[in-house]
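The primary structure of each chain is shown beneath.
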Amino acid sequence: MRLSSIYKHGFGSLGVTVDKQIVYTMSAMEHNPIKGVVSKGFPNVIRRTKESFLVVAIPALLCYLSYDWGTKLQAKLDRKDPKMYENDV
Amino acid sequence: MYRGIILKQQLKTCANKWFASQAAAAVQESSSPKLSELKNGLKVVTANQGAYGARITLLVKTGSKDDAAPGLTHCIQATSGLTNNKNTAFLTTQLLSALGAEMEVIAGRENIMYTVGCNPNVVKDILVDVLYPVVLGAKFPWWEVRDVVSLMKYQKAIAETDPCYLLMESAHKASFSNSFGSPLLCPDYMMGQHTTEMLVSRHNSTFNLKNMVLAGTGISQDVLIDAGLGLENLSTGKEAEQTTAPKFVSSEVHVEKPSDLVHAALTFPGASLNNKNAVALSVLQHAMGSISSIKRSSGMNHGVVNAAVESATNAVFNTSTFSLNYADTGLFGVHVVAQKNDFAKVMETTAAQCSKIASSGLSDTAIEAAKQRLKAKICMSTENSSQTVEDIAVQAATIGTVATPSKIM
Amino acid sequence: MASSAVSRLSNALRRCTIQPSRNIFPRRMQSNQAAVKVNTPETRVTQLANGLRVASEDSGISTCTVGLWIDAGSRYETNENNGTAHFLEHMAFKGTANRSQLDLELEVENMGAHLNAYTSREQTVYYAKAFSKDLPRAVEILSDIIQNSTLGEAEIERERGVILREMEEIEQNQQEVVFDYLHSTAYQGTSLGLTILGPSENIKKINRDDLVKYIKQHYNPSRMVLAAAGGVEHDKLVNLAKEFFGTTVSNDSYEATPLKLAPCTFTGSDLRHRNDHMPYVHVAMAVEGVGWEHPDTIPLMVANQIIGSWDRSSTNGAHFPNPLVRRMAREGLCVSFQSFNTLYTDTGLWGIYFVSDNENIYDCTIRVQDEWMRLCTELTDLEVSRATNTLLTNMALMLDGTTPICEDIGRQMLCYGRRIPWPEMARRIAYINVNDVKKVLGKYVWDACPAVASIGPTEALPDYSNIRAKMYKVFH
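Protein sequences, first through last, are from chains A, B and C.
Under UniProt numbering, the first sequence has 25 at position 25, and the numbering climbs by one with no breaks.
Under UniProt numbering, the second sequence has 172 at position 172, and the numbering climbs by one with no breaks.
Under UniProt numbering, the third sequence has 444 at position 444, and the numbering climbs by one with no breaks.
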């Protein structure tokens, strides 16, 4: 805190007045952390899975396929040509 | 240490005493007040209405009208319960709460009342151990007098937020030329100016047994007499001399406060408590209308002033009449509240109505109704022990007798 | 007596209390004081055929108080009709089918009688105070008010304005506001969280039909008590009740009547309204207590008494036996504080209301919670016996005159279904010992989630999680 500010507004005050601010809080102990895990949570998982299945699955499949194709191609390209070593001793 | 042991014993036995008092309370059904005077000059008065708890008031006949220095009474009130010849402030408070009692000090224009509410079985202990030392043996050490200033300032600041208090102060100031009009609470320029010497000399001159009344409800008179007999006059003063009655003067006082509402009091000389006209004036007060007894009523049927103003203006207003009776004087008046724009009109009508009543009187029906209201008010006030104890104490102090409700009727 | 004619206006007599005043709370908040009086005159109870209970106590004096205590208040309302009970109270003395408002006022005033009414969260009360000989007329007037109120449109419109103004007035009273906040956060989502006055939108739209419907639903004889005290003969009162209330048929069968109270769940939570323009912070902090009938009520009241109450105008604070009073007075941390125990049918709020400024509010809160924790763990025998003594005196002195006794009868009849005789109550209080108090505090206060409501410059008020963390202590 700057000295000039203390001089101006008094110790502990920032010289700001707040009005009409209402804050609600609920005790953390009032929450039940596992409430509705089975009854609400499980169906929710199904719903959310359903809703975003295609969004996730298609790109994932495409990624898989392209990666698979890529790695396979790479492996293929990396293969040594046996003909080149035919004359080795 | 010794006092500490007593304190502990009292604590243990006090709760059980409630059962013992069962029989005592049942016996005290007769309610006519009894008055007797002890050899040492103390007047003892009791009235019982079968209340379970007891209330005792020790009244001292002195108040702000006797203030040589303005605010002295206020200072005495504020220092009450502090160091005295028997107990420290600490012990006074501890004893009171150990006995389950509570004490209240009320300082007025002509009386100071020390009221204690407690279990009837501990009355004697309280009187001897707490109340007498507090009242008769007050010491006023300078450090306590100094410390009490902030409390006085706080009390005054709180009181001044109440327009009725300001109004009544101004009404007294305007109506009485001598010290009767002096303020109840210490004026600002006197805050912290009271010294131990001033307080002690005032205490010596006025706090003596001839000047006091011990009143009680819910307790038999024998107990109070018993507790009062052993008292000696500690102060050297004589009985208060009869001062000349304060004279009523016509004048006006204005106090300006930023507010939409204007309060005003129109006062007339009233009757003193032992004057025959006191009752007549009280009837007039109810005929003109005091505070209405119906919640949120229109006020139209309560007295003639409200009705008259209502028919003359369409302002939002209220009037109520008061009649104060002191020992040798009185104050009768009308309290008017209205919004500032309508105020002049309302006040004019009220004043006109007052002079009309003065010249042509009131109708018989209005007076009958007012009598009925006054009777009801008196009877209802005897129900309540805190009000009764104050009433009998004031009466015994100022007129020397105690009137029964039936006698007044 | 003659000097009682001295108008009380002359509060010439400014009061200074040595014992901190007990009755700062206005009536709406006052349900916490379970006061009982000597049953020297016995309280007699009769139930009429239609369910109306008549209870009275005869002390043989020349005046009496008679009133109707009705089991209805803002708790029985919903978000849509909140405020109706209070609106009805306003309409009560505004004329009936048999007499106009002016006639009613004239009649009552000329009898020298008083008429009063008030609404709380669980009860609605109408009472009259009169000469004993006028008892029949008083009962007749009460029955007329309850059963035949005109509820004229013009009066309703006028009262709407009056209530809105009353609301503005109450908003100026920080204590009322803070307690409304406390209820709204502690009982969030339930009907106890509603205010008594209701929101202004409701007041603007309540009409005659709503009022009539409310009367039909709630003002039925099985939920009413006709209580009287003073010079009242019980048999005479029963006959009067039969004459004036006997014809009202109990309509418990009315389909919409909520026959059972919905439970109002307490939620440990916090609501803070920050307004830096106000000079003081007003805080109400409470844990869930118990309802009227629960045996733990009395130890909680004793605990309240130990905490005590104090404000700056009382002298000698630094010498008080209550440690919190002493601390606050010495350190000058707050302007005033008051412990309270508000009781409802099945729940209650036990806590403290305090007023302090921005700089001291943090310390003040800590001190209060320290004291709570001290009571839970280190309470002494001496303190408990002192508190029971004071409680007994307060209760005995509170019942002063016919009106407080009548209020006591009416309230106890509704809460307990009977009048508790004084010896019983006094014994129950006197036999409370330190272990009872500790046990009860351990049950309701120790490690409980408090509800906190505050208004004013609340910047320095500890965060809710900090307040919650101070509700227990780790010893080493």
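Any given hint could turn out to be false.
[Claimed, not checked] Reference listing, derived: stretches of chain C covered by chain B, where coverage requires no fewer than 3 residues with Cβ under 8 angstroms from a Cβ of chain B: (1) 58-69; (2) 106-113; (3) 125-131; (4) 172-182.
If you are wondering where the hints come from, they were derived from the structure by calculation, not from laboratory data.
Glycine residues also receive a C-beta, built at the ideal position from the N, C-alpha and C atoms.
Hint check results:
By the rule of at least three residues with a Cβ nearer than 8 angstroms to a Cβ of chain B, the coverage given for the stretch 58-69 of chain C holds, with 5 such residues. With 7 residues having a beta carbon nearer than 8 angstroms to a beta carbon of chain B, the stretch 106-113 of chain C meets the requirement of three or more and the stated coverage holds. Check result for the stretch 125-131 of chain C against chain B: holds, 3 residues qualifying (beta carbon to beta carbon below 8 angstroms, three or more required). Coverage of the stretch 172-182 of chain C by chain B is violated. Counting CB-CB distances below 8 angstroms, 0 residues qualify, and the rule asks for three or more.
In this structure, only the earlier hint numbered 4 is contradicted, and the remaining ones agree with it.
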